[in-house]
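J.: Got chain A; can you put chain B on it based on the hints?
2 protein chains.
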Amino acid sequence: MKILLSSVGRRSYLVKYFKEILGEEGEVHVSNSSAYTPAFPAADKNVITPLIYDEGYIPFMLDYCSTNKIDAIIPLFDIDLGALSVDKDKFEQIGTKVIVSDTEVIDICNDKLETSRFLKSYGFNVARTFNSLESAQISLKRKEISYPLIIKPRWGMGSIGIYQADNDEELKVFYKKVLSEIKSTYLKYESQKNIENSILIQERLNGQEYGLDIINDLSANYFNTVVKKKFAMRSGETDCSMTVNNPILKELGEQISLLLKHIGNLDVDVFLDGDTPYILEINARFGGGYPFSHAAGVNLPLAIIKWLENQEVDKSTLTEKENVLSHKDLVITQLPTM
Amino acid sequence: MKILLSSVGRRSYLVKYFKEILGEEGEVHVSNSSAYTPAFPAADKNVITPLIYDEGYIPFMLDYCSTNKIDAIIPLFDIDLGALSVDKDKFEQIGTKVIVSDTEVIDICNDKLETSRFLKSYGFNVARTFNSLESAQISLKRKEISYPLIIKPRWGMGSIGIYQADNDEELKVFYKKVLSEIKSTYLKYESQKNIENSILIQERLNGQEYGLDIINDLSANYFNTVVKKKFAMRSGETDCSMTVNNPILKELGEQISLLLKHIGNLDVDVFLDGDTPYILEINARFGGGYPFSHAAGVNLPLAIIKWLENQEVDKSTLTEKENVLSHKDLVITQLPTM
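One line per chain: the protein sequences are A and B, in this order. Going letter by letter, the first sequence gives residues 1 to 338 in the UniProt record's numbering. Going letter by letter, the second sequence gives residues 1 to 338 in the UniProt record's numbering.
Simulated pairs of lysine to aspartate or glutamate, EDC-like, Cα-Cα distance not exceeding 20 angstroms:
#1 Lys16/A - Asp329/B
#2 Lys45/A - Asp329/B
#3 Lys176/A - Asp168/B
#4 Lys16/B - Asp329/A
#5 Lys183/B - Asp166/A
Facing chain A, according to a computed beta carbon distance under 7 angstroms, are these residues of chain B, among others:
#6 Ser12
#7 Asp329
#8 Leu330
#9 Leu335
Rather than coming from a laboratory, the hints here were simulated on the basis of the structure. Heads up, the beta-carbon is just placed ideally off N, CA and C, and yes, glycines get one too.
Isolated chain A, as found in the complex (with noise of 0.2 angstroms):
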C-alpha cells in the first residue's frame, strides 16, 4: 500500500501514525509546494510540487501518483481539497483514490459565510456573522451584536487577517487592513470568487472552546465523534486538549455528519456557552487537533488503510479514551542542506 499525504506542511505526526501501520511493506509518499517542510523527513519519498493554483498542478499529481503506483492521496490543506476534490476522478481512473469529500462539502467548509449559513439553514447555532461593514454597523446601532467582533477573511487559513475589534474605529480600519491582507497574500486566490465580499465580521463566541474530530467512513457512514476540551496557556505559547465525554457535542457531531455526509474525519471548532454549542468552523480533513485524539487512543489513519484494503474496522479502532490529556511539544529536526 502506498499512500500519499499532499500539502504535508509540518503534519510529520501523520507521516509517522501511517508508517507505523504499513510498516516495511508499504510507503508513506509526502508532497509540498516548498522544500522547507517540515514533515519531509519523515516520509518514504517526498516532492515539491507545482503551487495549487497552478495549471500544471494536478497534471503533476496524476503522473506522480501513475508513476509511483499511489493507492490513495489525502490532501491536508483546505485549497488542495478543493483541487484534488474537482477532479478525483481522473485520479480513480488511474488506480488512486482521493480520500476527499465531495466539491461541494469542501466548498461549504472553505467559506465560512457559507458554513455559517449551511448550518444555521439546518437549525444549528452559529457565530452571527456579517459580509459588509454596512450590515454590521446596522445590527450594531440595534444592538444586536456588541463588539468585541472578529474580522477576518471569509475564504481565510491559518492566522492571516485575523483581528479583534474593540470598537466603531477598529472596526472600520481592520476591515480595509484585512481586504489589504487578503490581496497581498495567497488568501488572494480563493477569494477572487467574490473579492468585494471577502471579509466577514463576526460575534466573538463565549464559552468554552472544543475542537470535535468527527469520523465517517470512505462512504460517509459516520462512525464516531471526539470531543476534546481545548486549555488555553496563560502566554497563549502551546496547545493543550483533553478528552472529554460531552454527550451533547457527540450527538452534535452526529448531525453534523449525517447532515454533511463528509469523507473521513471533519475537524470541526465549537463553543460551548452553558448548554448550547455554536459551531464556529468546519474544516474536511484531519485538523491540527487530530494528534489529541490519537494519543487518546484512536487510529484513524488504520482505519482508512483497512478501508481501502476492504477491511473491517472494529468501532474500538475509533473510540477514544476519555479524560487523556496531551499538548503539543516542539522538537527540533535536522534537513539535509540544499
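T.: Quick look at chain B alone, frame taken from chain A:
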C-alpha cells in the same frame, strides 16, 4: 549536580539536553506558575510556583532550592531573569548559583526602548524607534521614516500586541490598541514602570533575518557567536534555520559581548541589509533559536555544567558546524490528568 530550569514553559528540549549531560548522577528540576507546562513531563522533578510578580515568588524559590539542594538555577523567561537577578546574592548564600546576567543587562534587554538607545549610543545600527505617537508622526511628515511601521509594547514578550501599520489611520488605531492590550495582559506589570510611554513605534527592518547565540562563560568572558540564517515558510507556520559562516555577524556578536558582559547565552535578532547589520532585539537568556545551534554541535548546557564544576571548556564544545539546516517539528506528549 542539580539544575533548576525556571519558567521552563515549552522548552522541553533544554530539559533533555541537560538530562543527557547529567545522566543518572544528576537531576533536572523545572518550575512554572502553571500546571499546563509542556516541559514538565521531561524533567526529574517539577514544581508549580507562585506568579513571578507575587511577593511570595523569591521566598518560594529560595525555599525550594534550599530543600532540594539545587546547585544552579537557569531562568528562561524575561521577567524571571529580572526577578532572580535582583536577588542573586540570596541564592548564592544558600549555595545556589543563579545563571543570569546583572540587573543592568536584563533591564537593557527587557526594555526595548533602552535596547535601542544603548546599542545606538555605542554606534550599532538599530531600527529607528519612537516612543510617542507625536514623535513618529513628525518624523513621518519630514519623510525621515515611512510605512510600514511596527507598533509594539516597549516591555514586550512573545507576540502580544505587535501590529504592522501601513498608513496614518492604522498607526493611530494600533497605538491605542496596543496600550489597551498592555493594560489587559501580564505586560501591565513591567509596563507600570512608565505606562504612558509603554508603546514603541519602530521602522520595519529590511534584509535577511538572522539569529545569534552570543556565548559568554559564567564570568562573562566571550567564547563564540553562532550565526543562524532564518528561513520563512510560505504559510508562516514553522521555523527553519541554518548555521552559516558570516564574519560580519560573528564580529558583531563579539562586540556586543564585550560591551554588555552578559552571562551565558545572549539571543539576538538581527537583519543584514546588504553588509549592514541592524539589531532588532536582544534577550539575555536561551532563546527560541538555541536548539538550531545545538543541532549544529554547540553544547552550551555541557559547558555550563563544566563551568559550574570549575572544569575547562574546550572551544570545540561551543563551536558550530556550518550549514546545518534544522526545523522545529511538533510532537504530541501525554500529560498526567489533573
